[in-house]
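The whole structure should be built from the sequences, with the hints applied where relevant.
Be aware that the sequence shown starts at 21, since it is given in this note's numbering, and climbs by one per residue.
In short, the hints are calculated from the structure, not lab data.
Please read all numbers here as calculations on a predicted model, not as lab measurements.
By construction, the Cβ of each residue, glycine as well, lies at the ideal position given by its N, Cα and C atoms.
Accuracy of the hints is not assured; some may be wrong.
[To be verified] Quick list of the computed label-pair ranges, beta carbon to beta carbon:
id : residue 1 : residue 2 : range
1  : Asp31     : Asn80     : 14 to 20 Å
2  : Asp24     : Asn68     : 14 to 20 Å
3  : Asp94     : Phe48     : 17 to 23 Å
4  : Thr70     : Asn27     : 25 to 31 Å
5  : Thr36     : Thr70     : 28 to 34 Å
6  : Gly34     : Asn68     : 33 to 39 Å
7  : Gly34     : Lys69     : 34 to 40 Å
8  : His60     : Lys33     : 18 to 24 Å
9  : Asp87     : Ser61     : 17 to 23 Å
10 : Met42     : Lys69     : 19 to 25 Å
11 : Lys35     : Asn68     : 28 to 34 Å
12 : Tyr25     : Asp87     : 18 to 24 Å
13 : Asp47     : Ser76     : 15 to 21 Å
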Amino acid sequence: MLNDYLNLQFDVKGKTFKGFCMRIHDDFHLTYAVILEDCHSFCVWLDNKTSKWYSSKFTNLDQSVLDQIIDKIDVKEETSYLSFS
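In C-alpha cells, the structure reads:
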C-alpha cells in the first residue's frame with residue numbers, strides 16, 4: 021500500500037500546496053486520486069497510447085500546479101519501476 025501513496029508539498033507562485041495522492045488500480049490507465057488542502061479532489065491519469073497526462077474535467081487549478089503534481093508522480097513511478105525491475 022505504501023508504494024501507492026505519495027505525500028505532496030510544493031510552492032507555486034508564492035502559494036504552498038499540501039496534500040497527497042493515491043494510486044487507483046485501473047485496468048486502462050495509470051491513475052491517481054489527488055487530494056489537496058483547500059481544494060477539491062480530482063484524478064490525473066496517464067494515457068498509455070499517447071503518453072500524455074490528463075486531469076478530471078472539472079479540475080480547477082493552474083496548469084503549473086498540475087505540472088508539479090505530475091512531475092512528482094513521474095519521479096515516483098520511475099523510482100518504483102527501477103526498484104522492482
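Against the structure, the hints come out as follows:
1. Asp31 - Asn80: 14 to 20 Å: holds (19 Å)
2. Asp24 - Asn68: 14 to 20 Å: holds (18 Å)
3. Asp94 - Phe48: 17 to 23 Å: About 19 Å separates the Cβ atoms of aspartate 94 and phenylalanine 48, which means 17 to 23 Å holds.
4. Thr70 - Asn27: 25 to 31 Å: For asparagine 27 against threonine 70, whose Cβ atoms are near 28 Å apart, the range 25 to 31 Å holds.
5. Thr36 - Thr70: 28 to 34 Å: holds (32 Å)
6. Gly34 - Asn68: 33 to 39 Å: holds (36 Å)
7. Gly34 - Lys69: 34 to 40 Å: holds (37 Å)
8. His60 - Lys33: 18 to 24 Å: holds (19 Å)
9. Asp87 - Ser61: 17 to 23 Å: holds (18 Å)
10. Met42 - Lys69: 19 to 25 Å: Hint holds: Cβ distance 24 Å, inside 19 to 25 Å.
11. Lys35 - Asn68: 28 to 34 Å: At roughly 32 Å between Cβ atoms, asparagine 68 and lysine 35 fall inside 28 to 34 Å, so the hint holds.
12. Tyr25 - Asp87: 18 to 24 Å: holds (21 Å)
13. Asp47 - Ser76: 15 to 21 Å: holds (18 Å)
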